[in-house]
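Novice: Residues per chain are reported as follows:
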Amino acid sequence: MMQFMLLFSRQGKLRLQKWYEAHPDKLKKKITRELITTILARKPKMCSFLEWKDMKIVYKRYASLYFCCCVEADDNELLTLEVIHRYVELLDKYFGSVCELDIIFNFEKAYFMLDELLLGGEVQETSKKNVLKAIAAQDLLQEESEEPQGILEELGLRAPSSN
Amino acid sequence: MSDILERTLSTLPRLLVGGLAPAEKERGGSRAFRQFLRSIGNVKSKHDEESLVKKELSLLKQKLAMPKVSSSQRQEILMRLVYCHMLAYDVSFAYIHAVKQAQQGTVLEKKVGYLTCALFFDASHEFVVLLINTIQKDLQSSNVLEVCMALTATTQLVSTEMIPALLPSVQDRLSHPKEIVRRKAVMCLHRFQQMAPEVIDPLLPVIHKALCDKHPSVMWAALYIYQDLSKGNPSGFTSLIPGLISVLTQILNRKLSADYEFHTVPAPWLTVQILKLMAKLGANNPSASEKMYPILKEVLQRTEPSHKIGLAVIYECLETIAAISPHNGLLELATKCVSRFLSATNLNLKYLGVKILTSLVAVNPHYAVEHQSTVLDCLEHPDASIRSKTLELLHRMAQPGNVAVICQKLMDHFQQAGDVHFKTHLLHRVNDLTQRHETHSFNIV
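Protein sequence lines, in the order shown, are assigned to chains G and Y.
So that you can map any letter, position 2 of the first sequence is 2 in our numbering, and since no number is skipped, the others follow by simple counting.
So that you can map any letter, position 72 of the second sequence is 72 in our numbering, and since no number is skipped, the others follow by simple counting.
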């Protein structure tokens, strides 16, 4: 089971945090700071896994963003890397080639996406199509005045806008 | 795909340095919020950030206190607060507003409310009690989105004391016509199980029904519950084995929807789930293990190792082979696969190679013999992750003949280690070895 997921920039700035186990805010802050420092100090070619307390850290860098997950000792590390990759693919598909700014300015979308991929710290759906379908259904709720998202058109849930 | 992503992400620094180009994509939030985000991005010191955030927080506090705040304004205020919260500032004054947002309004407003609550506090917070009626109402809603939101909130915000109140509604959702609702309801039950294992016992028949659901993702969710159940009582669930084998066979023969295929590997997540469950069911149970041998061999031989996800499946299969009652042929095959991992230049694979070898050595120490020189290399590896995993392997390799040397190695690394947790771990290992081999003479300085 995943304990938490952190997204942070190369400059060490936290961009997203999701905790699946309860911790006091102070401890979360301490853990975050500790892990950001440790991971940023590691060399690029080093292995993506870290022993951390009685847990494991699995991390991967995508350009300027680090995705870092804490999983339990018996979780499959390679599969966790693929969960990260799947999340990146979903963000990429949703934002249309995602960049750090998309996550800074639309972090709530990134959270909603994560909630469709993982639930209670476990992977709930691995089919990319199904996750995007769930997100598209939620997006239909958005007010009409907002610009239609490309993804809705792609899924045939909304006609392309005429202009 | 990832190449494209790397490219698009790599244009970022330019964007950041040059400021936001006018042709930037439509970004969320109001101008004021975007301006705030940009200013935060440009701060030079912690002190500047603090004063900026304090100003923002007092502004937001004021806005929330205003008698007429429109729904979209309130949503945005909450999002701005989430951001400040992520920067580790205290936003507890807004908790009650997050709760209110979840309690009332349209589905969209509630969605933001639930998200904010889940990000601001956890199940131990006193405000969670205020949400229980809302969650219960939404669980029973006829709107699928509302039900999904409530189920998500349940996994994030419910404490043990609240389970009895919500359990009937969650259980009821197990027979919902939509697959997504059934799946989330099963995941909710799994969450309840983690908090209070006894909750699950009377529900076994409905969980078994979920396991036989025609939709793979519901079955997949049910497997989480069986993983935990079989941890405590593996022999009670061996009747699942034929079913699991049949699912694995279907996966290997690509009978599952192509949506679940990942880089040409069919349903890798589901395969790994099943392998993990088999490892528990087959441990110390020769008759149960015997049924699994043919399918494990097939998984090992038929999984395409060209992509990492295939290797993830192979790795899990090796762990399963090492965990169940031993089968010499399979173990020989496994040792051959280990070489591929150990000799890989990719350090992630090398790390896993050391890990599987550790599991195999637990079955029989002689599996380490042919890898001895690789193990010694790994012990001096520049990457601390590899070194620490290798020390674990070394500990497992200890026999009367080599225990003194191994203890010496562990102590050498103890002296070099900086991390307290790791040091303690090493000491426990040495302590364990000295106790287990106390009849042999030690000469550790």
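Do not rely on the hints blindly, as some may be mistaken.
[Stated by the list, open to error] Pairs of lysine-lysine, DSSO-like flavour, derived with a Cα cap of 27 Å: (1) Lys178(Y) with Lys93(G); (2) Lys109(G) with Lys231(Y); (3) Lys178(Y) with Lys26(G); (4) Lys209(Y) with Lys56(G); (5) Lys55(Y) with Lys128(G); (6) Lys255(Y) with Lys26(G); (7) Lys46(Y) with Lys128(G); (8) Lys29(G) with Lys423(Y); (9) Lys18(G) with Lys46(Y); (10) Lys46(Y) with Lys26(G); (11) Lys129(G) with Lys209(Y); (12) Lys43(G) with Lys209(Y); (13) Lys54(Y) with Lys13(G); (14) Lys56(G) with Lys54(Y).
[Claimed, not checked] Rough simulated footprint, nothing fancy, chain G against chain Y, three-plus residues with beta-carbon under 8 Å: (15) 57 to 69; (16) 231 to 245; (17) 296 to 306.
Hint data in this document are derived by calculation from the structure and do not stem from the laboratory.
All figures in this text were calculated on a predicted structure; none of them were measured in a lab.
Backbone N, C-alpha and C define an ideal beta-carbon position, used for all residues, glycine too.
Novice: Does each hint fit the structure? Answer for all of them.
Specialist: Hints and how they fare:
1. Lys178(Y) with Lys93(G): 25 Å, holds
2. Lys109(G) with Lys231(Y): Distance ~36 Å between Lys109(G) and Lys231(Y) Cα, so the pair is violated.
3. Lys178(Y) with Lys26(G): It is violated: about 40 Å lies between the C-alpha atoms, which goes past 27 Å.
4. Lys209(Y) with Lys56(G): Roughly 34 Å between the alpha carbons, so the hint for Lys209(Y) and Lys56(G) is violated.
5. Lys55(Y) with Lys128(G): Judged against 27 Å, a Cα distance of about 41 Å means the pair is violated.
6. Lys255(Y) with Lys26(G): 49 Å, violated
7. Lys46(Y) with Lys128(G): Measuring from Cα to Cα gives roughly 40 Å; hence the hint is violated.
8. Lys29(G) with Lys423(Y): 24 Å, holds
9. Lys18(G) with Lys46(Y): 23 Å, holds
10. Lys46(Y) with Lys26(G): 18 Å, holds
11. Lys129(G) with Lys209(Y): Judged against 27 Å, a Cα distance of about 25 Å means the pair holds.
12. Lys43(G) with Lys209(Y): 49 Å, violated
13. Lys54(Y) with Lys13(G): At roughly 18 Å apart (the allowed maximum being 27 Å), Lys13(G) and Lys54(Y) satisfy the hint.
14. Lys56(G) with Lys54(Y): Violated, because 36 Å separates the two Cα atoms, which is more than 27 Å.
15. 57 to 69: As far as the region 57 to 69 of chain Y goes, the hint is violated, because 0 residues have Cβ atoms under 8 Å from chain G.
16. 231 to 245: violated (count 0)
17. 296 to 306: violated (count 0)
The structure fails to meet hints 2, 3, 4, 5, 6, 7, 12, 14, 15, 16 and 17 from the earlier list, while all remaining hints are met.
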